[in-house]
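A.B. asks: Note that the protein sequences, when read in sequence, are chains A and B.
The opening residue of the first sequence carries number 5 in the numbering used here; numbering runs sequentially from there.
The opening residue of the second sequence carries number 22 in the numbering used here; numbering runs sequentially from there.
Heads up, some of the hints might be wrong.
[Said to hold, decoys possible] Restricting the straight-line Cα-Cα distance to at most 30 Å, the calculated cross-link-like pairs of lysine-lysine (DSS-like) are:
hint	chain 1	residue 1	chain 2	residue 2
1	A	K70	A	K196
2	A	K660	A	K567
3	B	K59	A	K655
4	A	K570	B	K59
5	A	K262	A	K311
6	B	K28	A	K274
7	A	K51	A	K70
8	A	K9	A	K182
9	B	K28	A	K567
10	A	K311	B	K59
11	B	K59	A	K323
12	A	K655	B	K68
13	A	K567	B	K59
14	A	K70	B	K59
15	A	K9	A	K353
16	A	K274	B	K43
17	B	K68	A	K570
18	A	K51	A	K354
19	A	K139	B	K43
20	A	K341	B	K43
21	B	K68	A	K341
22	A	K560	B	K43
23	A	K645	B	K43
24	A	K49	A	K681
25	A	K323	A	K311
26	B	K68	A	K354
27	B	K59	A	K274
28	A	K262	B	K68
29	B	K28	A	K353
30	A	K660	B	K59
Derived by calculation from the structure, the hints in this document are not laboratory data.
Listed below, chain by chain, are the residues.
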Amino acid sequence: MTELKIKEIKTLRYERPVIEKGYANQTLYINLSDSEISTKPVSEKMKDIFVGGKGFDLWLLWNAVKGTTKWNDPENAICIACGPLGGTPIYPGSGKSIVTSISATTGSVMDSNVGGYFGPYLKFSGFDALEIQGKTDIPTVVFIDGISQQIQILEVTGLPEEAYEISEILTDHFGQGKPRNISVVSTGPGAKHSLIGCLNFSWFDAKRSKARLKQAGRGGLGSVFADKGLTAVVARWDTVTVAMNNPADETALREVAKLHSQEIVEQDPKQNQMSSVGTAHLVTIMNDYDLLPTHNFRYGQHTDAPKMGMEVYRGLFDKGYDGCWVGCTLACAHGIKDFTPSTGPYMGKKVFVDGPEYETIAGCGSNIGVFDPLHAVEMNFYCDTYGLDSISVGTGIAFAMECFEMGLINKTHTGGMDLSFGNGQAALELVHQIARGDGFGTIVGQGVRRMKHIFSTDFSANRAIMEDIGMEAKGLEFSEYMPKESLAQQGGYGLALKGPQHDEAWLIFLDMVHNFMPTFEQKAEALHWFPMFRTWFGLCGLCKLPWNDVVPPDNKQTKEPAKVIKHVEWYTKYFNAVTGRKLNPDDLITMSERVYNFQKIFNLKMGFGRREHDAIPYRAMGPVTTEEYESRQERYDGQLKDMYKIDIDGKETTEKVKILRKLREQRYEELKDAVYKRRGWTQDGIPTIETVKRLGIDFSDVIDVLKANGVA
Amino acid sequence: MVRISDKEFPWHENLTITDLLKELDDPYPYTVARINNKTVPGHDFSKARVPDNSEVFLIPLIAGG
């Protein structure tokens with residue numbers, strides 16, 4: 005390794021403010037183009053309307069960009085924020101950061117949440133949010149030192165490109181003997197050469213003496229980061245205590261934190277076992293219910309799926325505490341030590357791998373037809389260390405593989421690679437190619453939407469079939485749940501503001517398995533409440549897993565078990581205890597509604613956000629091919645006969661596919677109507693003037709955007 | 022003996038999760054259970070055999086990612 009050389013470009017010394025009721029009351033602004041470092045005040049109105057976290061990010065980003073701003077324009081900003089509750093060490097899941105930017109893949113607003121210590125360390129250093137604009141040709145590290153009370157823009161040469169190594173070296177360098185004081189945000193070489201780059205956020209694992217990584221994966225935020233010339237952003241802070249947030253009522257905070265924390269300790273081993281296997285427990289459950297994407301979402305089940313089940317990963321995960329934030333009792337960020345990659349630059353070397361989680365196992369495993377648990381671990385490792393979103397990588401390669409199997413592309417396009425489903429070595433080679441910026445990987449690294457364009461224009465592939473099977477919406481690749489048999493989840497994906505990621509709504513079990521919401525109106529109500537409540541976590545700096553991945557023993561006796569109302573009440577107490585406000589549980593939904601509608605209008609400002617942009621590929625709604633239909637013929641025939649009263653006697657499969665398609669597409673449009681109405685939007689999916697006035701977000705520039713979109 | 026919802030019941034041959042839910046008199050529509058560390062979907066509750074000295078966990082709802 006070359007010697008690390010650091011040259012100061014700019015330094016700002018500042019006086020660290022005392023955190024008041026969860027807020028530092030200022031944000032940090034960096035412009036890489038002219039090396040500006042400054043602070044911006046946080047007003048009471050900003051707190052009332054945007055709360056913090058994603059809300060602050062969106063407000064800063066809204067003011068930073070124009071409607072014409074592209075992802076790689078200098079004025080695009082990367083905003084990272086925690087939230088008023090973020091950094092509380094005794095309440096489970098209180099260390100999340102939210103990142104927003106104009107996305108490299110969608111061209112509109114992207115948000116992605118991530119664990120690790122950065123957000124809390126940023127706030128305790130004196131800043132509720134960080135906004136980085138501009139671009140530089142110099143390899144740059146931004147160092148936020150809350151202990152010494154100075155911000156530095158540094159030219160740093162001699163660093164490797166890979167995320168684990170960057171994080172280790174910078175943790176060692178800036179930690180000054182106390183590595184736990186450091187959190188590093190970085191990406192990797194894949195982000196430089198693709199549009200699907202992720203950001204890695206570090207947290208120092210004292211027991212294993214390692215900088216561990218969590219990812220803000222979605223929408224190419226790492227690609228924006230790399231395009232700006234940033235190598236890393238480093239935060240340094242000291243010991244974390246409950247008092248750091250200066251909560252309004254520390255006694256009440258301790259009481260409610262103890263309740264939630266203890267419940268997890270008692271109930272998690274009896275329920276989902278997040279603290280021992282994490283989200284890997286979902287693999288076999290999804291497979292059992294035909295929900296595990298296999299072969300580019302053609303199917304939801306495979307006989308080999310149990311080979312990648314939770315017991316396999318339980319045996320692989322290194323035992324020990326895996327909380328990505330201090331004191332979290334759910335502690336689901338598991339990893340594998342001494343893994344030896346079989347390919348690439350780390351071939352034969354022992355490495356630590358953070359993960360895999362369910363999404364990576366499904367995306368880089370079953371969805372590409374590979375059922376080798378160690379292959380998913382290697383895909384996970386290289387995605388992280390190259391700075392690539394493992395969901396977009398998995399869904400993207402799955403799409404390319406199906407195109408290959410359909411003959412839409414062939415070996416002359418793939419550089420000789422056989423991209424048949426199940427070819428795990430080819431998938432790994434594509435990941436290496438993306439990182440190197442060569443071969444067919446450069447095309448895969450553009451994401452599914454651009455692949456469709458390239459395959460049709462350059463390779464003369466049939467565009468219509470690719471529109472049906474290319475699992476992206478709004479330019480973002482689908483995350484890894486099969487939505488075909490759940491209309492509500494089709495809405496959960498298709499109506500999600502940033503694109504098809506399940507963090508807005510995960511309704512498959514409620515809808516498909518439990519049939520708790522048979523009518524359009526009930527589905528619409530769920531597609532109002534759940535996205536709003538899930539948004540709230542991102543405003544506050546919280547992880548949502550402690551909300552509903554473990555539930556109280558008496559939860560099943562409540563009126564709506566899916567909402568886990570006892571936890572909603574605890575979160576309300578938590579918010580009130582820190583901020584001193586006196587809210588009730590319904591207020592949390594209204595808080596989120598403001599930010600949610602603001603983000604919707606932000607999409608409109610960027611030229612998106614209308615009904616047409618909520619379209620999803622037919623593969624997400626039903627069987628595209630006769631092969632898919634016939635694989636579940638009993639189900640589909642039954643629906644046509646019993647649900648739709650269609651006489652199918654004597655009809656060929658191709659005809660039944662067409663009939664079912666028409667019906668399902670119609671139902672999706674009816675769902676849109678119901679959801680838009682429930683949310684107070686026009687039938688074009690745009691918030692009405694009444695809605696923005698009710699929510700208090702009727703700023704003049706918001707009204708201008710609505711008027712420009714025909715709403716007055 | 023087998024254990025479910027912190028209660029113990031005598032084991033017998035061909036014991037299923039459906040049998041245990043009847044014993045518990047718990048009508049909640051569970052969709053997933055775990056026999057020790059092996060998950061069982063709801064549609065297999067009447068088929069999956071519960072071994073002696075097992076613990077059965079009833080997973081309340083699958084919340085998702």
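A.B. asks: So, against the hints stated earlier in the document, which numbers end up violated here?
C.D. replies: Result: hints 2, 3, 5, 12, 14, 17, 18, 19, 20, 21, 23, 26, 28, 29, 30 break, sorted rising.
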